[in-house]
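A.B. asks: For reference, the chains in residue letters:
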Amino acid sequence: MPAPAPAPSIDTVIYAELQDAAGAEFAAELVVTFLEEAPLMLAELRSALADGSAERYRRAAHSLKSNGHTFGATALAELARQLELGGLPADARPLDVLDTEYARAAAALQELARG
Amino acid sequence: MAERNASDAVARLLVADDNKVNRLLLTRSLELQGHRVACAENGRIALGMLRAEPFDLLLLDMEMPEMTGFEVLEHLAADAALRDMPVLVTSSLEGMAHVVRCIELGADDYLPKPVNPVLLKARINSSLEKKRLRDQQKELVRRFATSEVAQDLQESGFALGGRRVQATVMFSDIRGFTALVESQPPEETIELLNTYYTLMFDAINSYGGVVNQMIGDGLMAIFGAPLPLADHPAHAVRAALEMVAMIEQFNVERTACGKAAIHIGIGIASGDMVAGYTGTQRRATYTCIGDTVNLAARLEAHTKVALRTVLIDRAVRAALPEDLAVEPLGAVPFKGKALAVEVFAVSTEA
Chain A
0 MPAPAPAPSI DTVIYAELQD AAGAEFAAEL VVTFLEEAPL MLAELRSALA DGSAERYRRA
60 AHSLKSNGHT FGATALAELA RQLELGGLPA DARPLDVLDT EYARAAAALQ ELARG
Chain B
0 MAERNASDAV ARLLVADDNK VNRLLLTRSL ELQGHRVACA ENGRIALGML RAEPFDLLLL
60 DMEMPEMTGF EVLEHLAADA ALRDMPVLVT SSLEGMAHVV RCIELGADDY LPKPVNPVLL
120 KARINSSLEK KRLRDQQKEL VRRFATSEVA QDLQESGFAL GGRRVQATVM FSDIRGFTAL
180 VESQPPEETI ELLNTYYTLM FDAINSYGGV VNQMIGDGLM AIFGAPLPLA DHPAHAVRAA
240 LEMVAMIEQF NVERTACGKA AIHIGIGIAS GDMVAGYTGT QRRATYTCIG DTVNLAARLE
300 AHTKVALRTV LIDRAVRAAL PEDLAVEPLG AVPFKGKALA VEVFAVSTEA
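Line order of the protein sequences matches chains A and B.
The first sequence begins at 0 in numbering that gives the first Met the number 0 and counts up one residue at a time.
The second sequence begins at 0 in numbering that gives the first Met the number 0 and counts up one residue at a time.
In case anyone wonders, no lab produced these hints; they're calculated from the structure.
One thing to keep in mind: the hints can contain errors.
[As the list claims (entries may be wrong)] Computed spacing ranges between beta-carbons, pair by pair:
hint	chain 1	residue 1	chain 2	residue 2	range
1	B	ASP201	A	GLU24	55 to 61 Å
2	A	ALA106	B	ALA51	39 to 45 Å
3	A	GLU24	B	PRO53	30 to 36 Å
4	A	VAL31	B	MET48	22 to 28 Å
5	B	GLU93	A	GLU28	39 to 45 Å
6	A	GLU28	B	TYR196	31 to 37 Å
7	B	ALA121	A	ALA15	19 to 25 Å
8	B	ALA80	A	THR99	46 to 52 Å
9	A	ALA15	B	ALA77	23 to 29 Å
Where a beta carbon is used, it is the ideal one built from N, C-alpha and C, also for glycine.
Assemble the whole structure, with the sequences as input and the hints as a guide.
C.D. replies: Here you go:
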């Protein structure tokens, strides 16, 4: 039996709404900003985990969730939400999962932004 | 924008959000709606900007480093100048408890992120409209009431009915005003009254008094209510002396341009009275009533008989410091008073 196709990383309806509301050009610029900012949030998550700071960990996850929803990166947002509400994990495995999903979402967003 | 009408003036908004994507997107949405937007990266910066320059509305994120949105709301509520600033919270915090806490802390509304642009526009317009009405109301109160009454209204709210206070009441009017009115064109009388009131308000306010009634050429002022004032009898007498001095100055100008000098009479009494808002729910004034108030009015009328400018009762006399010279005029029987009242004249010699 073939593996089920992976869910699309970006909800294109949501991204189209963003383009409608803010303008396609602005949406593309916003994607660039997100791709600059998101790696900082992912790094902050790892650093907070290493320092044992539940508060910084929660805040970084919260920020990533919020931005995920903005661009229609629903799966990324849902993973970030679980981290936000779940407290400090025992190890970095949830962050590896998050990184993978971010890479997928980032690639799809770049594609969409290019129009 | 063509569809904007006159009441839809451009508003100045502040966006406080630590997340750059959120900040840029909100700013973009608001600018597309025709507003002017400034940004702050955390609560502390936002609070500093709100204190430094005027804004019409704050869009506030909750999760921020250095100072959270909750702390910003607390600071705003404690700041008399910023208490009425409309705040729309934009947040993706989970749970109804956060929403309730924001509203309890004084936020106008709570918009979940990502913010729907249509909802955002509706909420902002409604908040700005509410602020416009509030500003208008404040301006009306400012124009038609004294700042003390306005402050009392803002802090205690409006309720008809009185409370018992210890205060000092002053009545003042222009001697021979009727003859003056008949001798000059009405425009000149209005101008005279405006100057007269400006001078009298200035003197009374500078000693902590509140002018609460103006009738023709007469006025009534209260010292010690609605806001308490230490040494209110002495403050009232010093205000009276200032009024007399100002009228003398004014007379120098008047006689220099060939106009008749004007003279005032002032009566002051101190003691128990009932102060509060009287009238109806729609139209009310702040005033004081009681024997003390009647006595002050009688003393003012008696200045014509006694040929003195400032008359006071025993309670005011007893509270005056020694540097104010006072002359006892003996007991005077007043209409409506069973016993004769001791009357004192305050020396108006500088």
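A.B. asks: Would you say the C-beta atoms of B:ALA121 and A:ALA15 sit inside 19 to 25 Å of each other?
C.D. replies: holds (22 Å)
A.B. asks: Does 22 to 28 Å hold as the CB distance between A:VAL31 and B:MET48, or does it fail?
C.D. replies: holds (27 Å)
A.B. asks: How does the Cβ-Cβ distance of A:GLU24 and B:PRO53 compare with 30 to 36 Å: does it lie in that range?
C.D. replies: holds (32 Å)
A.B. asks: Using the C-beta atoms of A:ALA106 and B:ALA51, is the stated range 39 to 45 Å upheld?
C.D. replies: holds (44 Å)
A.B. asks: So the hint says 39 to 45 Å: do the beta-carbon atoms of B:GLU93 and A:GLU28 match that?
C.D. replies: Hint violated: Cβ distance 29 Å, outside 39 to 45 Å.
A.B. asks: Within 31 to 37 Å: is that where the Cβ-Cβ distance between A:GLU28 and B:TYR196 falls?
C.D. replies: Because 60 Å falls outside the window, the suggested range is violated.
A.B. asks: Honestly, do A:ALA15 and B:ALA77 meet the 23 to 29 Å range at C-beta?
C.D. replies: violated (44 Å)
A.B. asks: Given the hint of 46 to 52 Å, is the C-beta distance from B:ALA80 to A:THR99 inside that range or not?
C.D. replies: holds (51 Å)
A.B. asks: Please test the hint of 55 to 61 Å on the beta carbon pair from B:ASP201 and A:GLU24.
C.D. replies: holds (59 Å)
When each numbered hint is compared with the structure, violations occur for hints 5, 6 and 9.
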